[in-house]
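K.L.:
If you read the sequences in order, they're chains Z and X. In terms of the working numbering, the first sequence opens at residue 1 and continues consecutively. In terms of the working numbering, the second sequence opens at residue 1 and continues consecutively.
A few of these clues could be false.
[Claimed, not checked] DSS-like cross-link-like pairs, simulated, lysine-lysine; straight-line CA separation at most 25 angstroms:
| # | chain 1 | residue 1 | chain 2 | residue 2 |
| --- | --- | --- | --- | --- |
| 1 | Z | 118 | X | 54 |
| 2 | Z | 118 | X | 36 |
| 3 | Z | 137 | X | 239 |
| 4 | Z | 137 | Z | 398 |
| 5 | X | 249 | Z | 206 |
| 6 | X | 54 | Z | 191 |
| 7 | Z | 98 | Z | 118 |
| 8 | X | 54 | X | 36 |
| 9 | X | 54 | Z | 137 |
| 10 | Z | 294 | Z | 137 |
| 11 | Z | 417 | X | 36 |
| 12 | Z | 184 | X | 54 |
| 13 | X | 249 | X | 239 |
| 14 | X | 249 | Z | 191 |
Note that these hints are calculated values from the structure, not bench results.
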Amino acid sequence: MKRFLLFFLVVSVVLWSTTGLGFSQEAKPGGTLIFGSAGDAARLDPADVTDGISITRTDAMFEGLLRYKEGSTEIEPCLAESWDVSEDGLTFTFHLRKGVKFHDGTDFNADAVVYSYKRQFDPNHPFYQYGEWAYWKWMFNYVKDVEKVDDYTVRITLSEPNASFLTSMAMFTVAIVSPTACEKYGADFFKNPVGTGPFKFVEWVKDDHLTVEAFDDYWGGRPYLDRIIFRVIPDPSVRLLELEKGTIDCMEYPSPDDLERIKGNPDLVLLETAGINVGYLAMNAGEDTPGFEKPFADVRVRRAINHAINKQEIVEYLYKGTAVAAKNPIPPSMWGYNDAIQDYEYNPEKARQLLQEAGYPNGFETTLYAMPVSRPYMFDPPKIAEAIQADLEAVGIKAKIYTVEWGTYLQETEAGKHPMCLLGWIGDNGDPDNFLYVLLDKDNAIVGSAGNVAFYRNDELHDILIKAQRTYDQEERTRLYLKAQEIIHDDAPWVPLAHAKLQMVFKKNVKGFVLHPLDRKDFRKVWIEK
Amino acid sequence: MKRYLVKRLLLIIPVLLGVSMIVFFLVRLAPGDPAKVLAGEHASPEFIQAVREKWGLDKPLYVQYFIWLRSVLRGDLGVSIATHTPVLQELLTRFPATLELSIVAMFIAILVGVTAGIISAVRQYSIFDYLSMTGALFGISMPVFWLGLMLMLIFGLRFDLLPISGRLSPEVTLRTVTGLHLLDALLTWNGRAFLDALAHLVLPGVALGTIPAALIARMTRSSMLEVIRQDFIRTERAKGLPEKTVIYKHALRNALIPIITVIGMEFGLLLGGAILTETVFAWPGLGRYTVDAVYARDYPAIQGAVLFIALTFVLVNLFTDLLYASINPRIRYR
Chain Z
1 MKRFLLFFLV
11 VSVVLWSTTG
21 LGFSQEAKPG
31 GTLIFGSAGD
41 AARLDPADVT
51 DGISITRTDA
61 MFEGLLRYKE
71 GSTEIEPCLA
81 ESWDVSEDGL
91 TFTFHLRKGV
101 KFHDGTDFNA
111 DAVVYSYKRQ
121 FDPNHPFYQY
131 GEWAYWKWMF
141 NYVKDVEKVD
151 DYTVRITLSE
161 PNASFLTSMA
171 MFTVAIVSPT
181 ACEKYGADFF
191 KNPVGTGPFK
201 FVEWVKDDHL
211 TVEAFDDYWG
221 GRPYLDRIIF
231 RVIPDPSVRL
241 LELEKGTIDC
251 MEYPSPDDLE
261 RIKGNPDLVL
271 LETAGINVGY
281 LAMNAGEDTP
291 GFEKPFADVR
301 VRRAINHAIN
311 KQEIVEYLYK
321 GTAVAAKNPI
331 PPSMWGYNDA
341 IQDYEYNPEK
351 ARQLLQEAGY
361 PNGFETTLYA
371 MPVSRPYMFD
381 PPKIAEAIQA
391 DLEAVGIKAK
401 IYTVEWGTYL
411 QETEAGKHPM
421 CLLGWIGDNG
431 DPDNFLYVLL
441 DKDNAIVGSA
451 GNVAFYRNDE
461 LHDILIKAQR
471 TYDQEERTRL
481 YLKAQEIIHD
491 DAPWVPLAHA
501 KLQMVFKKNV
511 KGFVLHPLDR
521 KDFRKVWIEK
Chain X
1 MKRYLVKRLL
11 LIIPVLLGVS
21 MIVFFLVRLA
31 PGDPAKVLAG
41 EHASPEFIQA
51 VREKWGLDKP
61 LYVQYFIWLR
71 SVLRGDLGVS
81 IATHTPVLQE
91 LLTRFPATLE
101 LSIVAMFIAI
111 LVGVTAGIIS
121 AVRQYSIFDY
131 LSMTGALFGI
141 SMPVFWLGLM
151 LMLIFGLRFD
161 LLPISGRLSP
171 EVTLRTVTGL
181 HLLDALLTWN
191 GRAFLDALAH
201 LVLPGVALGT
211 IPAALIARMT
221 RSSMLEVIRQ
231 DFIRTERAKG
241 LPEKTVIYKH
251 ALRNALIPII
261 TVIGMEFGLL
271 LGGAILTETV
281 FAWPGLGRYT
291 VDAVYARDYP
301 AIQGAVLFIA
311 LTFVLVNLFT
321 DLLYASINPR
331 IRYR
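Required output: the full structure, derived from the provided sequences and hints.
P.N.:
Following this line, the structure appears as structure tokens:
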């Protein structure tokens, strides 16, 4: 037990020192934080944006009923103090926090919650016309209705039980907006955002900067910072120069080429954490797909390929240290991650042996689909494809590389035209269901619209994933997902490659910021040491 | 003259029509779909179709073109799909930033280019001539983002003399009147903002002005050399006119036409927004707006921006042509 405690202490200190800025001194209020941002927000309505840069801005101004715990994807109360679930798992009753004000001085209550949600799914709602509400359609399509019970109680009815619902309730999409402001500004609400968050909107000069200032009546107590200015500086090297000069206090998305320079600067602090994402190589096992090739139906071949690829080298040299190697489909920062799984080690000899057992002593010829663009989870895919090609060649598999424009690439892989393809996923809500069900369940192995591009169909896994969707018992869900990862590991439909890290750089005197694996930004506890 | 002007102005119409048609169909030929960008990565086909209908992207192409053309003729460039804001309004907030930077860059380019060109011509084959022409070659060949980063590194960080990027320091406030910061600072009697805005203009102005400066220097030199060798210059020198008068009053004036052509062309190009310079220097101008619009497949924004850029280019060219006549009275337009 003692050893365990010591281990726990060491781990928590390490985690604490790499993902967050320490709290060792007493926080002091005051000061302006200048945030060096890679781009400008598209719009400032949290329910009608899909890009991380817009979400960073709205995170400062808006909150939902629930929120993520600091640095984790577990949830905690925010504008709702508590909630109950009905016996059948279809009705959620949220008890709202009292005495919360919007930035415009109006009261937060059940009407505001109903307004904020109904405007996203009820075509008859007066505000519905002003947005696309892309994320509601994707994450909340099973929500049947939202009703006010009394001024501080809201009831949400689902059309089917869904255990990831509560995790999703911490997403940016379901942040609460001021109905008064929505009615006042209409189509221009996104230029005049009003929420209940710790900071309120001041000014937005497109492509240049956005300013927010501390909300004095914030229910959780006034934040330490007086102001945050988000400055748009598109070039990562220029952001770093500004940070070195001291004209900005922190920056997002440092260039991998600058990491050494950052680490060597005693005035800067690099924060990093494994993000909720995965980059992978999928092997098409779907006999009904146009790209199906016989070898991939054999689990021994899929395992051989897992042994053949030198993942560590890819992560180190091609991701340039901006990722961690993956052994599971879900990232280690997510609850339910199965760390007991032993990854297929890099072993070309074993790979050749497995190929021989499967009846391919001389290997075979195939095609590897390579993404044309870098994505956060896949840094420089053409180079990664070439590395994989060389690794496969070494065990006798000759893979031709095929690349096509990104939109077409997605269509072709969804239609199963590939024998092997590189792809990845960025999590939406931090729930394992959002990875395992979406990417590996047979329900999503539909030719033409597949999320499961390995066209991997396992009934036992399907039962587990559905069961995990239907139960609200967190421990039971964790147990089910641990098991699911074992099955997936054994069947080896993918070669999980990497989880890209999130990285941010701060000046040494900025304290209290903790990176969130979903890249959500929480500025409440950030302060500047003078 | 008046007839010529009317004729040239009327000629703008077919040019813009042509540009509008080319850009309209070209952006639709390129892969990508704004409805998909707007609907998000996980959108169902039905939802993408609904978004397409909402933004009128489901209609036949020629119908879309005429609908767009009709609204353009009414002075409405449409609404940006990505930012849900009228395109004209967005262009008019970006244009002053680009205009201000272009004017400063051209000012630097003309000052440096014409001076270096004249001296090089007058002292042909001197050390100065070799140095300035080698410098000009460097100026043309240097990638602007590299030059920009070096300027920042040296003058922004190492010697800490000038701001690195942006138009104004965050702590400086300035009331917007025209969107041109220097002018606004003067109009509102804001000395601090004037100095701050000026300091922010130096590095991007130098970076952006380098290529035009090099081109102008080379053009000035060759044009001057040609003129200096002509008989009337020999006559003037023989008359005993002071060398300064010969060079600056007579030779330069006669050499000016090709120089003005280069200046006009370069200025027209700069007004379209310098994508690299604006990106490196975090300058909220037209070039970056256009590129962002291309990435977002924001058709109305791309079309509006290209049309706007074409219009400014044509107008600058027209102005240059008119300038010829005032410089060289022998040129008469009919």
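K.L.:
Looking back at the numbered hints, which does the structure fail to meet, lowest number first?
P.N.:
Violated hints: 3, 4, 5, 10, 14; rest satisfied.
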